[in-house]
Amino acid sequence: DGGITQSPKYLFRKEGQNVTLSCEQNLNHDAMYWYRQDPGQGLRLIYYSQIVNDFQKGDIAEGYSVSREKKESFPLTVTSAQKNPTAFYLCASSIEGQVGYNEQFFGPGTRLTVL
Amino acid sequence: QKEVEQNSGPLSVPEGAIASLNCTYSDRGSQSFFWYRQYSGKSPELIMFIYSNGDKEDGRFTAQLNKASQYVSLLIRDSQPSDSATYLCAVHGGATNKLIFGTGTLLAVQP
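As given, the protein sequences belong to chains A and B, one line each in that order.
Per the numbering used here, the first sequence starts with residue 1, numbered consecutively.
Per the numbering used here, the second sequence starts with residue 1001, numbered consecutively.
Where hints are given, some of them may not hold.
Residues from chain A shown here face chain B by an in silico Cβ test under 8 Å; the list is partial [said to hold, decoys possible]:
| id | residue |
| --- | --- |
| 1 | Q41 |
| 2 | G42 |
| 3 | G107 |
Some chain A residues flagged as far from chain B (calculated, every beta-carbon gap over 12 Å) [claimed, not checked]:
| id | residue |
| --- | --- |
| 4 | Q17 |
| 5 | T20 |
| 6 | E69 |
| 7 | P75 |
| 8 | T86 |
Cross-link-like lysine to any residue pairs, in silico, SDA-like; alpha carbons within 25 Å at most [claimed, not checked]:
| id | chain 1 | residue 1 | chain 2 | residue 2 |
| --- | --- | --- | --- | --- |
| 9 | B | K1098 | B | V1013 |
| 10 | A | K71 | A | E96 |
| 11 | A | K83 | A | V19 |
| 12 | B | K1042 | A | S73 |
| 13 | A | K70 | A | E24 |
| 14 | B | K1002 | A | I60 |
| 15 | B | K1042 | B | N1066 |
| 16 | A | K14 | A | T86 |
| 17 | B | K1067 | B | G1029 |
| 18 | B | K1056 | B | G1009 |
| 19 | A | K57 | B | G1029 |
| 20 | B | K1042 | A | G42 |
| 21 | B | K1098 | A | S73 |
| 22 | B | K1098 | A | G16 |
| 23 | B | K1002 | A | A61 |
| 24 | B | K1098 | A | K14 |
| 25 | A | K57 | B | E1005 |
| 26 | A | K83 | A | G16 |
| 27 | A | K70 | A | D59 |
| 28 | A | K83 | B | L1046 |
| 29 | B | K1067 | A | K14 |
| 30 | A | K71 | A | S7 |
| 31 | B | K1042 | A | D54 |
| 32 | A | K57 | A | E103 |
| 33 | B | K1098 | A | G3 |
| 34 | B | K1002 | A | R44 |
| 35 | B | K1042 | A | G40 |
| 36 | B | K1056 | B | Q1080 |
| 37 | A | K83 | A | Y10 |
| 38 | B | K1042 | A | V52 |
| 39 | B | K1042 | A | N53 |
No lab work stands behind these hints: they were computed from the structure.
Since the structure is predicted, the reported quantities are computational estimates derived from the model, not experimental observations.
For every residue, glycine included, the Cβ atom is placed at its ideal position computed from N, Cα and C.
With these hints in hand, go ahead and build the complete structure from the sequences.
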C-alpha cells in the first residue's frame, strides 16, 4: 500500500525544545517537501529536496532544519529558534525533481503545539 | 497583489447544484495548475490538474484554464454534502519554480 506517512499525528513541545517530525514515503518519488499551514493561510514552503543528500530552503526556512539521507525519508526538525512553531505541518512528495511541475501528494500531517 | 488569489468564501450551494470555484494568479509564466480538496483537520488531497488552456473533465469535476486572463476555475457538478471542504488552488511555474498555494475557498453544500 503506497503512500506518505507522517508521525506523530500530534506533538506538544515546550519552549526551548527541538522536535523532529518524521516523513516517510514508499512511492519511489524523487522530490519531497515540507509545508506549514496556519489557520486562514495558504501552505508555505519550508524546505524541499529534489534528490538524496541535497535540499534547498523554501520561503520560511528560518528556525527549521532537514536532512535527506535516504530517498524514502525527509525528517524536519523544528528548533528553538523558530519563534512561532504552532502550526499544521505537511510533508509532500512528487515523482520528479522539477519543483512544482508534477503533482504533489501529501501525507496526513503533524499538528505541533507549543505549550 | 498575492501570487495566487481565491475568494475565501464560504461559498454555499444547494445539493445537486453546480459549484464554481475561481482562482487568479499573477505570474504569466506559470505552466501547471492544481486543485486540492482539504477537509477540516485533514491534509490536502489532489483532485485535478491542468496544463493546457481549455477544459479538463474528470467525473463530476471540470477544471478550466485561461492563461490569457490568468485564471483557473473548478466546477463541481451535482454537488453533494460530502463535497463540503476547503478547495486550494496551486500554481507552478514561471519565475519562482515553486508550487504556490492560494488560501483556499470554503465550500458548503446544503442538503
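| Minimum beta-carbon distance criterion (8 Å), A:G107 to chain B | 6 Å, holds
| query | Taken at face value, is the distance from the CA of B:G1029 to the CA of B:K1067 at most 25 Å? | reply | 9 Å, holds
| request: With a cut-off of 25 Å on the C-alpha distance, tell me whether A:K14 and A:T86 pass. | output: Roughly 11 Å separates the two Cα atoms, so the pair holds.
| Taking the closest pair, is the beta carbon of A:T86 still more than 12 Å from chain B? | 15 Å, holds
| Proposed proximity, A:D59 with A:K70 (alpha carbon, max 25 Å) | Between A:K70 and A:D59 the Cα gap is close to 24 Å, so the pair holds against 25 Å.
| field | Holds or violated: B:K1042 to A:G40, with C-alpha atoms at most 25 Å apart | value | Answer holds: B:K1042 to A:G40 is near 14 Å, not above 25 Å.
| query | Is the hinted pair B:K1098 and B:V1013 satisfied, with a Cα-Cα distance of at most 25 Å? | reply | Given that 25 Å is the threshold and the Cα spacing comes to 33 Å, the pair is violated.
| field | 25 Å Cα cutoff - pair B:K1002, A:I60 | value | Satisfied, since the Cα-Cα distance of roughly 17 Å is no more than 25 Å.
| Pair hint B:K1067 and A:K14, alpha-carbon separation not exceeding 25 Å | Violated, at about 47 Å.
| Are A:K57 and B:E1005 close enough, with their CA atoms no more than 25 Å apart? | 24 Å, holds
| field | B:K1042 paired with B:N1066 [C-alpha distance capped at 25 Å] | value | Outside the cut-off at roughly 30 Å; violated.
| field | Pair hint outcome, A:K83 versus B:L1046 [Cα-Cα no greater than 25 Å] | value | Distance of about 31 Å is beyond 25 Å: violated.
Going through the hint list in order, the structure does not satisfy hints 9, 15, 22, 24, 28, 29, 31, 38, 39.
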